[in-house]
Amino acid sequence: MNQFQYSRVTHSNAAVSAVSKEKAAMFIAGGTNLIDLMKRGIVNPTRLVDINRVPLNEIKTEGNSLIIGALALNGPVAESKLVTEKFPLLAQALNAGASAQIRNMATIGGNMLQRTRCPYFYDTTMPCNKREPGTGCGALEGFNRMHAIFGFSDQCIAVHPSDMSVALAALDASVLVIGPKGERRIPFTDFHRLPGDKPQIDTNLQAGELITSVTIPDNGFNKNVHYLKVRDRTSYAFALVSVAAALQIEKNTIRDARLAMGGVAHKPWRLTEAEKFLIGKPVSEASFSEAAKIAMQGAKAFKYNTYKLTLAPNSIVQALKVAAKLV
Amino acid sequence: MNKLFFDKVIGDPLNRVDGRMKVTGAAKYSAEYQLPNLVHAVVVPSTITKGRIKSVDSKAALRSPGVLAVISHENAIKVPGNADNEHPTEPPTGGQPLRAFYNNKVYFNGQPIAIVIADTLERAQYAAGLVKFEYDQDKHVTDFELNKGKGVLPEKAKKDPKSSLADYDRGVVDAYKTAAVTVEAEYIHPTEVHNPMELQAITAYWETDDKLTVYDKVQGTKPTQQAFAKEWNLPVQNVKVISEFVGGAFGNGLHNWPHETAAIIAAKMVKRPVKLMLRREHMFYMVGYRPYTWQQIGMGASADGKITGISHIAIGQTSTYEEFTESTVQQTKMMYASPNVSTRYRILPLDVSTPIWMRGPGEATGAFALECAMDELAFALNMDPIQFRLANYTDEDPEKKLPWSTKYLKECLEVGAEKIGWSKRSMKPGGLRAGEWLVGYGMGVGTFGAHRGAAAVRGRLLANGTIIFQSAVTDIGPGTGTAMVQIASEHIGIAPDKITFQLGNSDFPQAPNQGGSATVATVGSAVVATCNAIKEKLLTMAPTAEKRFANAKMEEILFDNGQMSLLKSPSIKVSYTNILKKNSLTEIDIIQDAKPDDESNKYSKYSFSVHFVQVHVHPTTGQVKVNKVVTCADAGKIVNKKTAGNQLIGGVTGGIGMALMEDAIIDHRFGRYITKDFADYHVPVHADVPQIEVYFVDKPDYIVDPMGTKGLGEIAIIGVAPAVANAVFNATGKRIRQLPITPDKLI
Ligand SMILES: Cc1cc2nc3c(=O)[nH]c(=O)nc-3n(C[C@H](O)[C@H](O)[C@H](O)COP(=O)(O)OP(=O)(O)OC[C@H]3O[C@@H](n4cnc5c(N)ncnc54)[C@H](O)[C@@H]3O)c2cc1C
Chain A
1 MNQFQYSRVT HSNAAVSAVS KEKAAMFIAG GTNLIDLMKR GIVNPTRLVD INRVPLNEIK
61 TEGNSLIIGA LALNGPVAES KLVTEKFPLL AQALNAGASA QIRNMATIGG NMLQRTRCPY
121 FYDTTMPCNK REPGTGCGAL EGFNRMHAIF GFSDQCIAVH PSDMSVALAA LDASVLVIGP
181 KGERRIPFTD FHRLPGDKPQ IDTNLQAGEL ITSVTIPDNG FNKNVHYLKV RDRTSYAFAL
241 VSVAAALQIE KNTIRDARLA MGGVAHKPWR LTEAEKFLIG KPVSEASFSE AAKIAMQGAK
301 AFKYNTYKLT LAPNSIVQAL KVAAKLV
Chain B
1001 MNKLFFDKVI GDPLNRVDGR MKVTGAAKYS AEYQLPNLVH AVVVPSTITK GRIKSVDSKA
1061 ALRSPGVLAV ISHENAIKVP GNADNEHPTE PPTGGQPLRA FYNNKVYFNG QPIAIVIADT
1121 LERAQYAAGL VKFEYDQDKH VTDFELNKGK GVLPEKAKKD PKSSLADYDR GVVDAYKTAA
1181 VTVEAEYIHP TEVHNPMELQ AITAYWETDD KLTVYDKVQG TKPTQQAFAK EWNLPVQNVK
1241 VISEFVGGAF GNGLHNWPHE TAAIIAAKMV KRPVKLMLRR EHMFYMVGYR PYTWQQIGMG
1301 ASADGKITGI SHIAIGQTST YEEFTESTVQ QTKMMYASPN VSTRYRILPL DVSTPIWMRG
1361 PGEATGAFAL ECAMDELAFA LNMDPIQFRL ANYTDEDPEK KLPWSTKYLK ECLEVGAEKI
1421 GWSKRSMKPG GLRAGEWLVG YGMGVGTFGA HRGAAAVRGR LLANGTIIFQ SAVTDIGPGT
1481 GTAMVQIASE HIGIAPDKIT FQLGNSDFPQ APNQGGSATV ATVGSAVVAT CNAIKEKLLT
1541 MAPTAEKRFA NAKMEEILFD NGQMSLLKSP SIKVSYTNIL KKNSLTEIDI IQDAKPDDES
1601 NKYSKYSFSV HFVQVHVHPT TGQVKVNKVV TCADAGKIVN KKTAGNQLIG GVTGGIGMAL
1661 MEDAIIDHRF GRYITKDFAD YHVPVHADVP QIEVYFVDKP DYIVDPMGTK GLGEIAIIGV
1721 APAVANAVFN ATGKRIRQLP ITPDKLI
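If you're matching them up, the sequences are chains A and B in order.
Counting along the first sequence from 1, when you hit position 235 you're at 235 in the working numbering, and nothing is skipped either side.
If you want the working numbering, it's the 1-based position in the second sequence plus 1000.
Please note that the accuracy of each hint is not assured.
[What the hints assert, rightly or not] Pairs of lysine-lysine, DSS-like flavour, derived with a Cα cap of 25 Å:
no., chain 1, residue 1, chain 2, residue 2
1, A, LYS39, B, LYS1059
2, B, LYS1230, A, LYS303
3, A, LYS303, B, LYS1148
4, B, LYS1105, B, LYS1078
5, B, LYS1625, A, LYS325
6, B, LYS1745, A, LYS303
7, B, LYS1424, B, LYS1159
8, B, LYS1625, A, LYS321
9, B, LYS1424, A, LYS293
10, A, LYS251, A, LYS86
11, B, LYS1734, B, LYS1424
12, A, LYS60, A, LYS86
13, A, LYS321, B, LYS1745
14, A, LYS300, B, LYS1745
15, B, LYS1268, B, LYS1105
16, B, LYS1400, A, LYS303
17, B, LYS1132, A, LYS39
18, B, LYS1132, B, LYS1148
Hints in this document: simulated from the structure, not taken from any laboratory.
As the structure is a computational prediction, the values presented were derived from the model and not from experiment.
So that you can see chain B by itself, here it is in the shape it has in the complex (with noise of 0.2 Å):
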């Protein structure tokens, strides 16, 4: 054996370092805080979409047993940070974000409007069907279709037209027009609604008066301090964040939601620890949504099949108070080597709550209409799929014209095709069959920034030989206590089982957001910087126990198993434990940051995904089923290829949903949800997923971060969706630009 040690720990499938703790329940979620003097809460949402609250009737739900408070805008108490109508918390997107019980105004349908706290929660969820209210209603606008015309351009590009949501023009506008073969194409993704296992749900409590402790569902325990420190005028001392374990939270995490605040008032109103725990239905309208989108792709190609011109038009929808925007037309910016290209994004805010991301956002949805219209001018140009994508390969970032930091699209499409049988597709839809059932092969690609933030990790190097690491990162499901180990395992040279990583809560070192697919990154990246200082400061101190160490150089060290030794001389070696002995110390104790350089800036960096998919089609019946997936990701240097290859899992998973089913409906006559619980708001169950075979080219990105890697978690999803679309064109010569792909499209 003569490989390194930490050669085995990265790249390793090692097991979750908390799996244990999930599957026997020792996990604590948001809501399984018992307090001393706990009490519940439920909010009542608003049942009209829009208009003013004329009076709130709580005497009923007041006088049922065990109840403490009905609160509402008529009593809630003032929070400090709304005063002078400023924001009351940064919000994440643009504009106000709405403030719970801040005035009587509606602006949309399920609105929280009260919250009703009691000592049981049963108590709590009776009394809160007793609170009544009258309202003068005004006329609502949520359809999106009536009104797509309206559709206007974001603030943030307004103001700064350098901005990435600004109107975009490479070479000539609107060029594909002129084109030897054309293809123009609509293309609608429905909204889609943020149902990850685990409710939303906060425990508030004031330890003192103005001293706040949240045990929250969030994807940043620090940005939520710095939120509620700011709307409730605190220092940031003064404001804990605890979020140890999310059940998935794919985007809705990174909003501070009006419930949060609404709980954090009902626990200082009633002086005691508050629980809320939101139902599903509260899901579909408080804790935002992939938007409802419009888009428009133009595309012209030479007969040969060089693309000479994109035009793509998206409009996406948000609320009235609050502007949702995303990157819904970067990917064709940047994705194929096209002279001309330009992409209008616009926005139309409806009677609605505001939207947020959601895994692979705005790429998702993007990408539904571009590797759409991909295939329809493949089709077009009666050219294999693959090898129009390859015609138009870019071998520079044509968008920043920028090498890239690393690109293995190729080898993604090569190893994809081959293991999914691209052999066997048949060019002419409809000319492949499995007994009755139609058969099509399709295929979209992915991809998503590289992303890498700042962050700093404290490391405690114990006198027993084991090491904490400290963080304020959450993790919302990929594993990122796994692979923090992992890294840190490799970088310090401990085993695993002797290293803990401590997470999600704010009294912890600086952590962004868990988002955009940048955690392994940006946190990563701080654990090596932790890592390399504590090496630094053992060097410094390993003669004190060894002598031979004296004038030893880090680079002429092995760290490994515990120990250091000579890289020349293995049998010259001296353990962590034993130096930390000499120096008469109980531990190594430092915080170290880690922030991208300037150089990388140099690149242009991104993630990319090819999801390979075969469909059955019933041509009578028109059900769908996807047989097989392959999926092959460029993510660099694959950390842990156990949890990575559940994350791909996930994210087809969540793409076939968004691909096949789901679709939150608005009845606009009432502005309300029609599918709102489980039973009409379908995901996909066992029955609907196949087998998925995922595929890393596992090559590391050095540029992006010293360990290697690029973002995973969004890639996983974007390009399933218009994959199956275009299997099923495949299969039965029928293009679906409308999500979802249901029977009654295809019969």
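Extracted from the complex, chain A is given alone in its bound form (with noise of 0.2 Å):
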């Protein structure tokens, strides 16, 4: 670990200036990512920011909109009623990340922004252009077991492992965040983006800005619902593949769905075209194999990962089942 500075802030704006004002600065939230970056020599911030005291915690409900904080925790954010009841799908993908301690500490603005958990970003010795632009993607024809089969390009093949982002990314939620130039607000499917030929940037989010809070609208997605996570173990893992599933259901026909998998892709990764599929389809299996066969298209696998290839479709099916009650 580097030497760093350490400054706190109160203020939203005291936060952003003083990131702005020094290149290598970065917010601190929880530091349950951030710290373990640091200690592996992975990123090397000058100072650190700590924004734990600005007053962006709150849950609240603002019209039938929910708006959460960027600095609540993940543990009482799943556990908040507002969300059990009218969002169990983030309720559910929360409680499906890290363990108990961890989400006591880690935060919503922080959780988005965690980095890939690809093991060549993890280890300086080994090549990765996340880390070091240009060395080369060590996944690629490494161990790529748990990599990406969609959006990926030959610079990266990481995936972006948060579970909540996959149920954010459903849910149509935005993300209001304050910079140098102001506010703005961006849809979370446009927060993550896709390697391309810079993979060391993981989100749009502009230098020296701050996340201030996550804006889900009401959407009736709240009673058949369900955030699958496939893992090597049955808690305390990152997902192989994880699916958030929403239906709105009247007399056994999807009137709405919202659907997207995490563990796939660099972002979290919307399924809009099998989402439309659904529109109007009777509730069955039928249905939602072939929405997962529309979900599928376009997927292509590595060396270790082809058996994601079954698994996604598999775990949309049965997402989509358990969501619709079927099981």
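With the hints in hand, could you dock these two chains into one complex?
The structure is reproduced here in structure tokens:
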């Protein structure tokens, strides 16, 4: 770990200006990801701007939308009545992540910005374009069992590890940020980016921008939802594949659908074509299988993750079945 | 209450004597000794896999605040035992252990090649990141699968054809091929890494130039004392090893590793006590592991289910400098009544660090192949796996042609089958469901030698009626101290709360490593011998206090509750304190040793276990949930049902990890581990561990030792992984022969 300066701020504006002043300054929230990365020498900030005292941890409704402050903690958010009653999919996704201890430290803003768990990114002796642009992608020809089947580039095949983000992508959330140039709102599906030839950049957040809150519009997806996370052990492991599924069902017909996948791409992978297909279809395994087929179009696997070509559609069907209460 | 007092002690679920110390933090582990002037060390691992270090650049590290030294092969003092290229320490494995900073050679990725010493841990850690190396890299070979054809017979077997590692043939080679029903299959066990809760740690302190004290996480204080005395050319008594508490070891403390010597070198060079604790990542390559092993089994049986032949080949990975071997094929030689059995054991040296024994060493890996093959053959015969095992049950050891000292495997099979609900099992795979989940039942048998070694124990009966025992043995977690107090209580007739058992110090009487499930038998026997010697002494002195004991013989006396009484007239009695007082003694102090007698060699001595597993498998996502486990053990007399039950539950949990998740993967392009932290290398979490029911036959085996015990630690894990794999087959019809059984393999 390199030496760094530390300062604590209590206002969003102060946070933005403190980070904007110094090229390698970074915000620190729960620190559950950032400190790990610093200890391993993967990121080396010259200054940490501690935002934990900025009053951004409120969970509230405005109109019918839910607004969650960027510093609200993963654990309490998952337990909040506002969330469990109207957006249970988000609660399920949050609870599928990490461990109770980590969820009690981790913030909503930090969760979105957690870095990939690709082992080549984590080992500073190995090549990784995300960590050190130009060194190559270790995973491309390496051990890529956990890696992407959608949206990757020859520069990077890592996946985004956040569970929460998969639910937020499905639920049409948006992110409110404040930066040197003022406030702006980013639709969640545009928040993270694909690696392309700049895999070192995970999101469309600009320099100095602070996440202040996430908004989820009221969408009536509170009855038929399921977050399915398939992983190597029952808890405390990242997803091989995860699926956030939400349905609105009327008389055995699907009125609306939301679907997103985790563990398959550099960003939460929203499945809009499959959603469109499902609208108006009967609630049945056949509909779900067809949707899964559509969702998988364009998927491509590497040496060790070909199983995802089967596991992903199976998981989509399974998540939809559970959401529709077919099982 | 006409039971003798001691009857309540052995077998009693006595709480751990050190439990309170452990949960309150009063128990001191090797990294917790705060010696005056203590400084901190951090090792620097190599980042190449093979080659030579051209140069070490430690300038920046040395300029960093608080740094006292950067030590590598370039500036390390010479270790005297290393002279003439001789083995510096007697390696418990074959070959030549790696010598810390001996020369510029790199043998594996992650080899400790420098150590940084600073006044605080943080400063040492920071500076360790500043040390830079230039290497001349050589081509490395780490890929087992590509090279398994190059497996060789171990040196030990070449030198001694009677060695258990040598090729073994009973009857006709490959006789299975002509059987009515046959199976042939390959099984792969990946590398499994030692990850006990406590990281490896050592605090090294040179009291004078030739007097060394180490607080070291090891499994034997005496073997470590011997090793370091030899390495540093010191009289044995000049080396003191303290290992009072060990936070789990499972085998990784059966070898002294280069980082230990590195810390001792550092302490000598900076002339201050040095503390070194490895990081979790270092555990993957600095302290041994269960080696990657490829196996092939061919097995045949007559149509009525009698095994006619077994051929078992195993190839295990080792390093290029040290020959690690284990008893992978042993269970195949003795478990089933087959007239024809052949085993071949080979090792494959690769550019990796040396493996070491890990709980159920060899047998756990071998049983995965053997017990899965048994299941495969039972299935091919359309026979119930339990019936198949009973049809091939042996009433004497078919390898040694000796009677078993005791064997209650049938009882284990019976009880386990009933408790798991085996009758509900479907013979046809996929025949049972719970909701959408497929339900399967499987079982696996485990065995391990009921070993016993030699040890001595000191006992000091004090004037106040309390007694203190001392042994150099360590307690790596099973509750050795507790068991010894119980054994002592029974044999000396003093209540457990008046007994102290001190251990983990090389100043105490001789005990071997804690390992191979032999500690209760070995040290417990010495406790009994010491108790008997003290009783003899009490008997000779008793008449001074109570004349009516003048002609009493040992067998006429009851030693109980701190006093002796005549069995025939219990009102004639005298307390131990009174005997001491009347003889003007402040204590009785005796050291007694004990070793197995020749008589026991007329028997074959093994512990046995059977594990029954019920799994749920999701048909489309491949998730496996171990839903219930029943384990039955024949481990002789159980000294403490609570700690013994604890051991079994721990072993089964390890077995679930082996079956379903543990997998240390190397990227062979770099020769470097990919899964080297707890995020990527999975061990079971609570949610993976179901209800585990354990049962003991609890029948004594007095051929092994006077307490009637047989080892328990290893059989807790041996046979678990195949039980899970067999249950998965029963649920799905999919035979997974490469561990771990992860969801991707089942969809
Ligand atoms: C062992 C382990 C297992 C885990 N398992 C899972 C899992 O299964 N699923 C899962 O989803 N996650 C998992 N996680 C990740 C965990 O969810 C994240 O570490 C956590 O959410 C990060 O939140 P934080 O507040 O601690 O962020 P920090 O570590 O404080 O920050 C992370 C990043 O976000 C930036 N940042 C933080 N807040 C803001 C803000 N308001 N505006 C702008 N930038 C900001 C920081 O500068 C930093 O770059 C796991 C983590 C660990 C350590």
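Now for the hints, and whether the structure bears them out:
In summary, the hint linking LYS39/A to LYS1059/B is supported, as the alpha carbons are separated by about 22 Å, within the 25 Å threshold. Our distance criterion of 25 Å between C-alpha atoms is broken by LYS1230/B and LYS303/A, whose separation comes to about 50 Å. Only pairs whose Cα atoms come within 25 Å are accepted, and LYS303/A paired with LYS1148/B is accepted, the gap being roughly 22 Å. Taken as a hint, the LYS1105/B and LYS1078/B pair is honoured in the structure, with Cα atoms around 16 Å apart against an allowance of 25 Å.
Proximity of LYS1625/B to LYS325/A is assessed by CA-CA distance (about 22 Å); at most 25 Å being required, the pair is judged to hold. For the hint linking LYS1745/B to LYS303/A, the alpha-carbon distance of about 14 Å falls within 25 Å, and the restraint holds. In summary, the hint linking LYS1424/B to LYS1159/B is not supported, as the alpha carbons are separated by about 51 Å, beyond the 25 Å threshold. About 20 Å separates the Cα atoms of LYS1625/B and LYS321/A, which keeps this hinted pair within 25 Å; it holds.
In summary, the hint linking LYS1424/B to LYS293/A is not supported, as the alpha carbons are separated by about 38 Å, beyond the 25 Å threshold. Restraint check for LYS251/A and LYS86/A: satisfied, since their Cα atoms lie roughly 21 Å apart, inside the 25 Å limit. Between LYS1734/B and LYS1424/B, the direct Cα distance comes to roughly 20 Å. Compliance with the 25 Å bound is thereby established for this hinted pair. Only pairs whose Cα atoms come within 25 Å are accepted, and LYS60/A paired with LYS86/A is accepted, the gap being roughly 12 Å.
Annotation: proposed proximity of LYS321/A to LYS1745/B holds, straight-line Cα distance about 23 Å (limit 25 Å). Distance check on the hinted pair: LYS300/A and LYS1745/B sit about 19 Å apart at the alpha-carbon level, within 25 Å; holds. A hinted pair counts as satisfied when its Cα atoms are at most 25 Å apart, and LYS1268/B with LYS1105/B qualifies at roughly 23 Å. For the hint linking LYS1400/B to LYS303/A, the alpha-carbon distance of about 48 Å lies beyond 25 Å, and the restraint is violated.
For a cut-off of 25 Å, the pair hint linking LYS1132/B to LYS39/A stands: about 18 Å separates their Cα positions. As the CA atoms of LYS1132/B and LYS1148/B are separated by approximately 35 Å, the hinted pair breaks the 25 Å bound.
This entry does not satisfy hints 2, 7, 9, 16, 18, going by the numbered hints stated previously.
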